[in-house]
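Let's have the full structure, built from the sequences with the hints guiding it.
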Amino acid sequence: MVKQSGILLLIAAMAVISACGSNNGNDSNGNSSSTNASTNGSSDASANESQEPAKDPVTIKYLTYTANGGQENTLKSMVEAFEAKNPDVKVDYEVVPYADYDTKLTTLISGGQAPDVYELGYENFRKYAGKDLLLDLTPIISADSSFDPSTYKKLAYDAFNYNGKQMGVTESFSDVVLFYNKDLFDAKGVKYPDASWTWKEELDAAQKLADPANGVWGTYSPFQFYEFYKTIAQNGGGVFDASGNPTINSQANIDAVQWMIDKAEKYKVSPAMNDDTFSQPDADLNAFMSGKIAMARFGIWNFSRFKDAKFKWDIALEPGNTQKAHHFFADGIVASKDTKQAEAVWKFMKYFTSDADSVNKRIAAGWSVPAVADDAVLDAYYKQAPPESKKVVIDALDSLVLPPVGPKPEKWGELQAAVTEQLDKAKFGKISVKEALDNAQKSVADLLSK
Amino acid sequence: MVGQRNWNRRMAAFVFLLPAVLGLIAFQLLPMASSVVVSFSDWDLLSKWTDIHFIGWSNYAEVFTNEKSYMSIKNVFIFLIGYMPVITVLGIFLAVLLNRNIRGMKLYRAAVFIPVITSWVAVSIIWRWLLNGQSGVVNYLLSLAGIQGPIWLQSEHWAMVAIIFVSIWKDIGFVSIILLAGLQDISDDYYEAANLDGASAWSQLWRITVPLLSPTLFFIVTISLINSFQVFDQVLIMTNGGPAGSTSTIVEQVYRNAFQYNKMGFAAAQSWVLFGIIFLVTIGMQRLQRRWVVYER
Chain H
14 MVKQSGILLL IAAMAVISAC GSNNGNDSNG NSSSTNASTN GSSDASANES
64 QEPAKDPVTI KYLTYTANGG QENTLKSMVE AFEAKNPDVK VDYEVVPYAD
114 YDTKLTTLIS GGQAPDVYEL GYENFRKYAG KDLLLDLTPI ISADSSFDPS
164 TYKKLAYDAF NYNGKQMGVT ESFSDVVLFY NKDLFDAKGV KYPDASWTWK
214 EELDAAQKLA DPANGVWGTY SPFQFYEFYK TIAQNGGGVF DASGNPTINS
264 QANIDAVQWM IDKAEKYKVS PAMNDDTFSQ PDADLNAFMS GKIAMARFGI
314 WNFSRFKDAK FKWDIALEPG NTQKAHHFFA DGIVASKDTK QAEAVWKFMK
364 YFTSDADSVN KRIAAGWSVP AVADDAVLDA YYKQAPPESK KVVIDALDSL
414 VLPPVGPKPE KWGELQAAVT EQLDKAKFGK ISVKEALDNA QKSVADLLSK
Chain V
7 MVGQRNWNRR MAAFVFLLPA VLGLIAFQLL PMASSVVVSF SDWDLLSKWT
57 DIHFIGWSNY AEVFTNEKSY MSIKNVFIFL IGYMPVITVL GIFLAVLLNR
107 NIRGMKLYRA AVFIPVITSW VAVSIIWRWL LNGQSGVVNY LLSLAGIQGP
157 IWLQSEHWAM VAIIFVSIWK DIGFVSIILL AGLQDISDDY YEAANLDGAS
207 AWSQLWRITV PLLSPTLFFI VTISLINSFQ VFDQVLIMTN GGPAGSTSTI
257 VEQVYRNAFQ YNKMGFAAAQ SWVLFGIIFL VTIGMQRLQR RWVVYER
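Residue numbers (the numbering used here), protein chains in the order written: chain H, 14 to 463; chain V, 7 to 303.
Keep in mind the hints are simulated off the structure, nothing from the lab.
Within a straight-line C-alpha distance of at most 35 Å, the following computed DSBU-like cross-link-like pairs (lysine-lysine) qualify: (1) H:K463 to V:K74; (2) H:K279 to H:K305; (3) H:K337 to H:K195; (4) V:K80 to H:K421; (5) H:K421 to H:K178; (6) H:K144 to V:K80; (7) V:K80 to H:K424; (8) H:K117 to V:K54; (9) H:K144 to V:K74; (10) H:K447 to H:K463; (11) H:K363 to V:K54; (12) V:K176 to H:K443.
In this text the structure is predicted, and so the values were computed from the model without any measurement.
Okay, here's the thing in structure tokens:
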């Protein structure tokens with residue numbers, strides 16, 4: 014028979030171990046995957062080294078996420094080309110999926126294992142720069158006569174300037190535009206969208222194009238934080254005013270969110286707000302691919318996904334209300350403040366972001382749009398069709414909105430969560446849009462006051 | 007001589023235990039101890055050790071004043087209220103059924119146990135499909151019975167119900183197999199004697215089975231309690247804490263604060279509060295145990 018004291022002991026032990034187990038579980042998972050990955054990386058590197066025993070090259074560590082999911086080989090060939098040109102530098106790179114990237118990087122940095130050079134999106138760049146973790150490149154840039162910042166698109170280059178210090182180099186950018194199914198437009202005899210369209214024309218067209226009996230939606234845009242900050246900008250609103258105070262519950266914002274909901278609930282040209290199918294990952298992209306959506310706001314990184322669509326499609330600038338606004342996402346690479354290989358790192362950064370060789374590889378593989386200024390270089394990119402109107406990708410930059418990181422970049426994650434929670438409530442009609450944005454305004458103000 | 011032999015045996019035991027103990031110290035005890043220290047600091051994972059400020063009890067105060075944090079504690083108690091009674095009663099019922107002597111019983115027992123050994127990730131993803139409000143099987147079956155099913159995972163009220171339901175489905179096998187072991191430990195003599203005395207099946211259940219099963223029941227209730235306080239996987243995958251935070255749980259908040267919001271100090275404080283809650287509840291269970299748990303010998 015089981016002894017009473019035995020059970021007591023067992024339970025006490027279980028309580029202690031399991032209470033802390035969940036944290037440790039996460040840690041040990043993170044660690045074990047990192048050791049696996051890095052052993053893979055280093056075995057690659059050592060295999061390379063054995064081929065060239067003459068020199069004693071320095072090794073720099075590079076951490077990246079944009080290569081994940083299909084561009085690993087492009088990255089590999091870019092790194093190999095760089096190493097061929099710079100035999101004194103070896104790049105030990107590691108590709109991490111975007112969803113785990115920030116966690117992994119944070120863990121590496123807190124463990125004193127920061128990679129020498131790594132990739133950051135604009136929002137995270139603000140956070141890491143604010144924490145004083147990045148190498149200030151300004152002195153290196155001014156000392157390097159072979160480097161010319163005007164090689165890059167100014168907007169994208171300046172995105173990696175933090176308080177007057179250049180702390181990263183832009184690598185590529187992407188934006189979001191209006192994708193449309195030409196066949197559906199032709200079938201209903203509706204004119205294709207163009208730059209002059211506003212929300213009103215979009216709605217008119219959507220009402221003609223929507224075909225509920227066949228499950229065809231007139232227009233689609235996701236309902237989440239990123240869509241929120243762009244849509245309010247299209248109505249002249251914003252998350253922050255010029256001096257960084259939150260303005261989430263402004264009338265312009267309320268009207269814009271109401272419009273997002275009305276498209277679904279009032280005009281029925283978009284899937285219902287509680288449509289469970291569209292809550293599944295990639296359901297919207299799949300629906301467009303199967304010809305069930307006439308117009309949709311999607312990121313340009315989806316071009317290759319629709320390459321084999323059974324219908325003709327193209328892109329246009331997004332309709333706005335009082336003004337145009339388009340997402341702008343810049344990815345750049347930064348150097349760790351503690352790197353001992355600043356020189357090698359700088360060579361790699363230059364090569365990776367603007368060398369003709371790596372830029373061409375990037376375009377040929379359809380990876381992303383390199384943020385270089387020279388239109389001749391980008392010509393190859395423009396020529397890749399579909400879509401035919403590829404220049405729209407560049408035109409959209411005239412009306413870009415950056416993610417509203419706000420005065421406290423380290424609170425970005427919480428800010429998003431706070432607004433999203435209220436958007437969720439408004440979405441299900443629990444509370445009015447005004448109440449939701451009033452609540453969001455209050456919680457963001459609280460968040461920033463701490 | 008005798009002393010020497012004893013000493014050698016102790017040394018041998020020590021040497022054999024050393025690797026396990028070192029692992030325990032390095033990967034369990036040290037992190038636990040350091041999390042106590044971290045819970046009084048504002049460490050953000052990124053700053054150097056020298057830049058850490060100690061901020062006293064304010065992380066602990068925030069656990070109870072921060073709305074997201076105390077809502078997550080409340081949600082865990084809602085989960086418990088829905089989960090515990092159902093899984094205990096259903097578990098006993100299923101264990102009694104599985105204790106019968108009929109053909110193919112091993113197959114039934116295996117079937118009941120399969121969800122337990124399936125990964126939470128797979129289970130959560132499958133159930134997300136099954137519970138789909140428009141095209142899910144669950145709502146289709148309900149519609150056959152003339153019931154209009156809710157959009158389970160998109161509704162502030164039904165999302166938690168769905169989480170509880172799936173958790174019961176997954177854990178019921180474990181509960182009933184342990185209870186089955188307890189049932190098989192009860193000697194047939196009692197039932198024979200009761201039959202001779204003309205006791206009804208109902209009073210046999212209440213006066214023989216339940217009292218003699220009570221040590222096992224106590225074990226099950228305690229383990230389930232501790233597990234429920236740590237609901238995480240199913241929540242993260244099925245609803246990601248939503249909609250509008252209605253399925254957010256303590257461990258989910260610990261994870262978010264630690265690894266997404268860079269508030270390691272606050273997350274450490276939250277996990278120690280969670281430990282405190284589990285500790286108190288377990289002590290409470292121990293006290294109550296004397297009232298209802300019967301040990302045969």
